[in-house]
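Starting from the structure of chain D, add chain P with the ligand where the hints point.
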Amino acid sequence: MQGFALYPFDPPGDVAALRTDLRGWLAMNQPQDDVVARANCWASFDPDFSRALGAAGYVGMTLPAQYGGGDHHPLERYVVIEELLAAGAPVGAHWIADRQTGPLILRYGSEEQRERYLPGIAKGELYACIGLSEPGAGSDLAAVRTIARETTEGWRINGQKIWTTGAHFSHIMLALVRTEEGSERNAGLSQLLIDLDTPGITIRPIIDMAGHHDFNEVFFDDVLVPHGALVGTRGQGWKQVTAELGLERSGPERYLSSHALLAALVDAAGPDPDPAVAGLIGELTAEMWTLRQLSMSTAAKLAAGEDPMVEASVVKELGNAFEQDMPRRVQAIVDCAWDGDTDLAKLLRALLIASPSFSLRGGTREVIRGIIARGLGLR
Amino acid sequence: MLCDTARAVFAEASATGMTPIEEAGFDLLLVSEDQGGFGGDWGDVDAVLQIAGVAVPELPVAEFIVNEALLAAATVSLMAGAMAQAFALSIDHVNTRQQFGRPLGKFQAVQQSLAVMACEVRAVDAAAAALAARLDAVGRDPLAADFEIAAAKLRANRAVGVVTAIAHQVHGAIGFTGEYDLHRVTIPLMRWRSAQGNDAHWAQILGRQVGGFGGRGLWEAMAARGA
Ligand SMILES: Cc1cc2nc3c(=O)[nH]c(=O)nc-3n(C[C@H](O)[C@H](O)[C@H](O)COP(=O)(O)OP(=O)(O)OC[C@H]3O[C@@H](n4cnc5c(N)ncnc54)[C@H](O)[C@@H]3O)c2cc1C
Chain D
1 MQGFALYPFD
11 PPGDVAALRT
21 DLRGWLAMNQ
31 PQDDVVARAN
41 CWASFDPDFS
51 RALGAAGYVG
61 MTLPAQYGGG
71 DHHPLERYVV
81 IEELLAAGAP
91 VGAHWIADRQ
101 TGPLILRYGS
111 EEQRERYLPG
121 IAKGELYACI
131 GLSEPGAGSD
141 LAAVRTIARE
151 TTEGWRINGQ
161 KIWTTGAHFS
171 HIMLALVRTE
181 EGSERNAGLS
191 QLLIDLDTPG
201 ITIRPIIDMA
211 GHHDFNEVFF
221 DDVLVPHGAL
231 VGTRGQGWKQ
241 VTAELGLERS
251 GPERYLSSHA
261 LLAALVDAAG
271 PDPDPAVAGL
281 IGELTAEMWT
291 LRQLSMSTAA
301 KLAAGEDPMV
311 EASVVKELGN
321 AFEQDMPRRV
331 QAIVDCAWDG
341 DTDLAKLLRA
351 LLIASPSFSL
361 RGGTREVIRG
371 IIARGLGLR
Chain P
1 MLCDTARAVF
11 AEASATGMTP
21 IEEAGFDLLL
31 VSEDQGGFGG
41 DWGDVDAVLQ
51 IAGVAVPELP
61 VAEFIVNEAL
71 LAAATVSLMA
81 GAMAQAFALS
91 IDHVNTRQQF
101 GRPLGKFQAV
111 QQSLAVMACE
121 VRAVDAAAAA
131 LAARLDAVGR
141 DPLAADFEIA
151 AAKLRANRAV
161 GVVTAIAHQV
171 HGAIGFTGEY
181 DLHRVTIPLM
191 RWRSAQGNDA
201 HWAQILGRQV
211 GGFGGRGLWE
221 AMAARGA
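Residue numbers (our numbering), protein chains in the order written: chain D, 1 to 379; chain P, 1 to 227.
Extracted from the complex, chain P is given alone in its bound form:
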């Protein structure tokens, strides 16, 4: 339901800008029902932003829905959505484009590349879902989810290089054109890797936090923070 609404609204917004998103009241997604909001959780935010990351990557949807302290977390969802789309386009392309008398997807080298890409896409999806679970468990307190925000944004950042490279490689020249849709997700992915903290930024923060835990403490902290 929510996803269907988001898809319809974002489709309109991609032509006209933020107005349909504002009118649909997406800023009320996380506001509780007794305060007139939608009463959603971060799982809902994740789902909506994954769609936004594909449909309207250039609009400030994340900024509209969540407060500034949670923008890094929100960016992970945008990235997860865009990566899933880059992957879907790639699968579709290798199944239809023929060379040497066969679809590209029948060649083992291409299959192995797409398997690598699938792993990255799934990893980022898992990171986004685990981050959502943590945020919901701690009342969306960014400090209580600092470890997960750092780990998930860093993991998503690291996936960008692999995912964009393989997506473009298996597409060939058509994926490099302005007309074809691939760049509509790969360029935003490149941009989001720098936004809200690049790899080095989060690696330092996470590495220093873990240094404080100590070797054994790292495991104890990880186990205590989920399941």
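With the rest of the complex left out, here is chain D:
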């Protein structure tokens, strides 16, 4: 099928040693207290862990050494990320900075921005959030209205972002804003890198249905940032954001967020599982294995410098479906009290509640299917 070639996943170096070293490091350094934090662990915020991980060289791995990075191949980073997620390590604090903001600054940022932000990102100390969504701009992202007017002192920003994950603990926001007054749709948009301690910014928590404070509303009231806050080319924000979303959609987090539940199911079932549970474990394993192949192939295509927009969307679509299906199917066949205190019960409840968000964050299911349909030439 055209455009669907599989890319071989072939990281340089000794991959087995990379895994062994990291597993050894995790055995010493991963906090073991909370089983629920191991599920959906890229939302688990633990700055001490992030800092230690950075010091061990596992953050900012692909950034150049001159900016404090590890100069590693992107597929080596992929191996590290899948190990961290499979172990349920609390990578939430530095997650967005490491996954997308750092690479985007490297690709589009000025020398000054690189020197200013990348070393902190690579240390696991500087955290970032993504300022895309607004009250009037959800799936229809081109409806962004937050405006930045260029003045002699810099950019003056007015408007509002919403659903901003981690804004309350982040140091910077990479925001999509309108820089041309009166521009429409995806023209006239630019990306600004905003220090969140700038006067005029108000961050208000939004508590999610699980009772957690992960996302926020962010208000900009005549916020002045320097001219140097512009990332990349003025007016090219839409194109840059699209590239960023490719990094966001295809990683191993799209099928490993719920791995703690599958592992707990396997442990609870024991070495001689009853047929109904064995069948479920078999089906979930086959799906996970297939998703891993798709995700690795997409990562390899990205590493080869190509644009895997459609492939990345396929990974997100199937990965979201897998991870939403899993807790429902486990609940349907495993006898386990809703408020039980076994690992399995706690993970099941947490993921049943968290999973509706999987096909919303990072692009809704319908939007993702639309991107695939465009890739098929239907739109």
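Since the hints were derived computationally from the structure, they do not count as laboratory data.
Label pairs and their in silico Cβ distance ranges:
| id | chain 1 | residue 1 | chain 2 | residue 2 | range |
| --- | --- | --- | --- | --- | --- |
| 1 | D | D71 | P | V138 | 31 to 41 Å |
| 2 | D | G13 | P | D136 | 16 to 26 Å |
| 3 | P | A144 | D | R23 | 18 to 28 Å |
| 4 | D | T233 | P | S194 | 50 to 60 Å |
| 5 | D | T233 | P | R97 | 41 to 51 Å |
| 6 | P | A195 | D | G235 | 53 to 63 Å |
Think of the CB as a built atom: it goes at the ideal place given N, C-alpha and C, for glycine as much as any other residue.
Using the frame of chain D, we list chain P with the ligand on its own:
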């Protein structure tokens, strides 16, 4: 080259039966060159069987090329080929058939269905490719590739329901006729889901194997078996 040959030979065979396939020596595909064979790998088998799955679904091509212990793996390739064809027919149809003054493919509901189908087709293709890589890495020892054979056949089986349903839905009545080609791939897909182990068969085998690995062992096994 190999694919071109396969296409030509299978086209002839679809009218006359196995003879052209036997004469072309496809049973030598996996035989090493010093033993007078073609010296191919499972990647070649996958490519040839994907074509066979579309061109000659009723002929025992897989049985002719590979030994019995690898027939489940071979069936995955037949299925991947047939699904790709069902998908290609569907895309072609929605781009040409017009209703309400527009090609069907311009309707969002139809687009979303085809996106779902594309994901399934791609998943099975990926499963077939990963299985091929594993088989080649372990010298085509079915025991060393037991996990991958189970996972890939099970994944392919599960895709059959989605792919055949959407392909027929977007085709409308024309796809239900004996004259139109769609059933030439969808009926074989239904048959192959039961052949060489249905969903429950492989789910039990894989589930029991994973039970032996344990929760953490599942990840370690998967990571150790590829990349
Ligand atoms: C947990 C979580 C974390 C998030 N983190 C961030 C973040 O860090 N930064 C950020 O910027 N945003 C973030 N978001 C926001 C997210 O990107 C949006 O929720 C998403 O883009 C959808 O927008 P919406 O919620 O306004 O839904 P809407 O756009 O109102 O959509 C509602 C429903 O209608 C469907 N729909 C909309 N338009 C169409 C159409 N044309 N055709 C068919 N169906 C359609 C959608 O698919 C969806 O099912 C987060 C969201 C969640 C849930």
